[in-house]
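Q: Based on the hints, put chain B with the ligand in the right spot on chain A.
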Amino acid sequence: MMARLVEHLCSELRLLAGAVDTLAWTLWPKGPPPMMAAAALPVPVQYNVEQISGSLLEDLKEEGFLWAVPKSRRSRERRLTRKFGLENKHKKMLPYRKLLTCDDCGHVHEPGRLCPNCYGENKKITQAMQEAMVTMQGLNPVEYEAVPVFKGEKVNTGDGFHEGKRIFEVPTERPKWFSNRLTVKSNVTTSSDTTVVKPTNLA
Amino acid sequence: MNQAEIRKLIPAVRVAINAKHRKFSNPKGPEGRLTMLRKTVTELVKLERVELNYQRGDEARGYAERLIAMAIKHGDRHIPTMEMANYWLTEKQLVHKLFKVLAVRYKDHTESYTKLHKAPNIYPGFYRERVVLELKGNPFPPLEKKNSSHNWIHNILLEEAHQDYIRKKLKEGERSN
Ligand SMILES: [Zn+2]
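Protein chains in written order, with full-length UniProt numbering: chain A, 1 to 203; chain B, 1 to 177.
Bound conformation, chain B alone:
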């Protein structure tokens, strides 16, 4: 009974999250870790697409998702949500963006709000796995193209050929009649 109510208080995060957080050993301790993650989340909200190390990107993704989910659920007239936004976004013009742009953009989404792409491994390199973390619906060129599209040149040509064939058949039918 109680559990169900508690569950309803917090919006579900739509990405897989590790059972245990990453510690990110930092000279300033857990506080330094959070400062670092705040920086990443702010960067993500500001630029909408950032390249990071995998561990950091994956960890920051959960926090960003949670922040957007809270903004969508409670809006900007909810004190705890506003406090969260104030904490996570170090540049305050982005608090407006969170509530006026991102919350509106993702209002009807049924999936996660961010996407994590694996960046190419450059040889020779340090072999730290790199990822590209982006907000969905950003204005930049897409990173991964769709598997197939009717806009592809061969599909357009095939479609035209098909139309030609049909026209030809129709004419022949008219002549024979």
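Just chain A, with the same shape it has in the complex:
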């Protein structure tokens, strides 16, 4: 078994050696340069198996093939141009100045886009409202407009409707900025004898 394997390996190596020889001949017809000498060494066919395999493999392991390497020094000018581009033509990393200040909160935002701060707050309350609305509607057919009632707001309805709109209760307080009138505090409940606080008209 072992002997057959070694024999097989030997024949393979012989083929490889022949191939390398041919390659070297095609590349350098007048004879290979000294660094290729090891690879293109003509292998005598009659050699002992162990000797051939050992020597060839070790040679490859020690020296190997030498691939392409830089032939000349890259000048400083050239190196800097490659790194950073041409002085007059390249795109420099400049601070982004196309920004606007939000009229409501003072954070910066890109023109034509929502303000990240305002939108973040809006998103939070919108998600809470959507969750409440979807829970209220459930799998029943949706037949009426929905109107939010926030925590602390009182609406006296027997059937869960306000002016023909279905009420859904949001577990958070109404944010102060989400109000129709700036002069009225919307998220403050008056004393208990005032039973009805109308939800302000929204959006």
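Hints may be right or wrong, so weigh each one.
Simulated crosslink set (DMTMM-like; lysine to aspartate or glutamate; CA at most 20 Å straight-line) [stated by the list, open to error]:
(1) B:K39 <-> B:E91
(2) A:K123 <-> B:E129
(3) B:K136 <-> A:E131
(4) B:K145 <-> A:D104
(5) B:K118 <-> A:E121
(6) A:K123 <-> A:E173
(7) B:K136 <-> A:E145
(8) A:K124 <-> B:E51
(9) B:K46 <-> A:E131
(10) B:K146 <-> A:E110
(11) A:K124 <-> B:E43
(12) A:K92 <-> A:E77
(13) A:K98 <-> B:E129
(14) A:K123 <-> B:E144
(15) B:K146 <-> A:E121
(16) B:K118 <-> B:E144
(17) B:K100 <-> A:E145
(18) B:K46 <-> B:D76
(19) B:K46 <-> A:E145
(20) B:K107 <-> A:E145
(21) A:K123 <-> B:E43
In short, the hints are calculated from the structure, not lab data.
Only a predicted model underlies this, so the values are computations on that prediction, with no experimental measurement involved.
A: Just chain B with the ligand now, with coordinates in the frame of chain A:
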């Protein structure tokens, strides 16, 4: 002659639509693309405001507009419209919403029924442009505020100051008389 009649059959979509649809390469092919868009349209009708990637939001917007326009024009006793609603809305309680809530809400509208806002780019991010697609007239807080309003605090104060000034002038006039 014929063209005019055909045009009247289909309600006009009130938003700009690309001449060519987006392909949205999908392992299930065009059918998978439509499944994806149905999901988005259903979500929009259900939640009334959704955040999406720009390409998907813009593509779904046209389909939602068309669906609402058909519901307004033909009502719920028109078989093709009902089939469309059944196809596009995967959650069937929303078919009621389309005809009983949205069609009523937008009956007298002269503009588009949806609005597409550009969401802020978060740094550092993946730089996929995000948008917020919403149905108009939803119960949520508005995303974009009006440019100017008489409810603004400085406008209220200025108005009060103006009223004070007028009162003062009137009193002075009375005294002099
Ligand atoms: Zn802001």
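Q: Are the hints correct? Go through all of them and say.
A: Going down the list of hints, with the structure as the test:
Simply put, B:K39 and B:E91 have alpha-carbon atoms about 9 Å apart, close enough for the 20 Å limit, and the pair holds. Note on A:K123 and B:E129: the hinted pairing holds, with a Cα-Cα distance of about 17 Å set against a maximum of 20 Å. For the given pair, B:K136 sits about 19 Å from A:E131 by alpha-carbon distance, which is consistent with the 20 Å threshold. At most 20 Å may separate the alpha-carbon atoms for a hinted pair to count; B:K145 and A:D104 meet this at roughly 9 Å.
Among the hinted pairs, B:K118 with A:E121 is consistent with the structure: their alpha-carbon atoms are about 16 Å apart, no more than 20 Å. Restraint check: the Cα-Cα separation between A:K123 and A:E173 comes to about 15 Å, which is no more than 20 Å; the hinted pair holds. Between the alpha carbons of B:K136 and A:E145 the distance comes to roughly 13 Å, so the proposed pair stays at or under 20 Å and holds. Proximity of A:K124 to B:E51 is assessed by CA-CA distance (about 13 Å); at most 20 Å being required, the pair is judged to hold.
A threshold of 20 Å between alpha carbons decides the hint, and for B:K46 with A:E131 the separation of about 11 Å falls inside it, so the pair holds. Note on B:K146 and A:E110: the hinted pairing holds, with a Cα-Cα distance of about 18 Å set against a maximum of 20 Å. Note on A:K124 and B:E43: the hinted pairing holds, with a Cα-Cα distance of about 18 Å set against a maximum of 20 Å. A C-alpha spacing of about 18 Å is found between A:K92 and A:E77, which places the hinted pair at or below 20 Å, so the restraint holds.
For a cut-off of 20 Å, the pair hint linking A:K98 to B:E129 stands: about 17 Å separates their Cα positions. About 13 Å separates the Cα atoms of A:K123 and B:E144, which keeps this hinted pair within 20 Å; it holds. Restraint check for B:K146 and A:E121: the C-alpha separation of about 18 Å stays at or below 20 Å, so the hint holds. Note on B:K118 and B:E144: the hinted pairing holds, with a Cα-Cα distance of about 11 Å set against a maximum of 20 Å.
Proposed proximity of B:K100 and A:E145 is supported: the alpha carbons are some 9 Å apart, at most 20 Å. Straight-line distance between C-alpha atoms of B:K46 and B:D76 comes to about 18 Å, which keeps the hinted pair within the 20 Å bound. Between B:K46 and A:E145, the direct Cα distance comes to roughly 12 Å. Compliance with the 20 Å bound is thereby established for this hinted pair. For the given pair, B:K107 sits about 14 Å from A:E145 by alpha-carbon distance, which is consistent with the 20 Å threshold.
A hinted pair counts as satisfied when its Cα atoms are at most 20 Å apart, and A:K123 with B:E43 qualifies at roughly 16 Å.
In summary, this structure violates none of the numbered hints.
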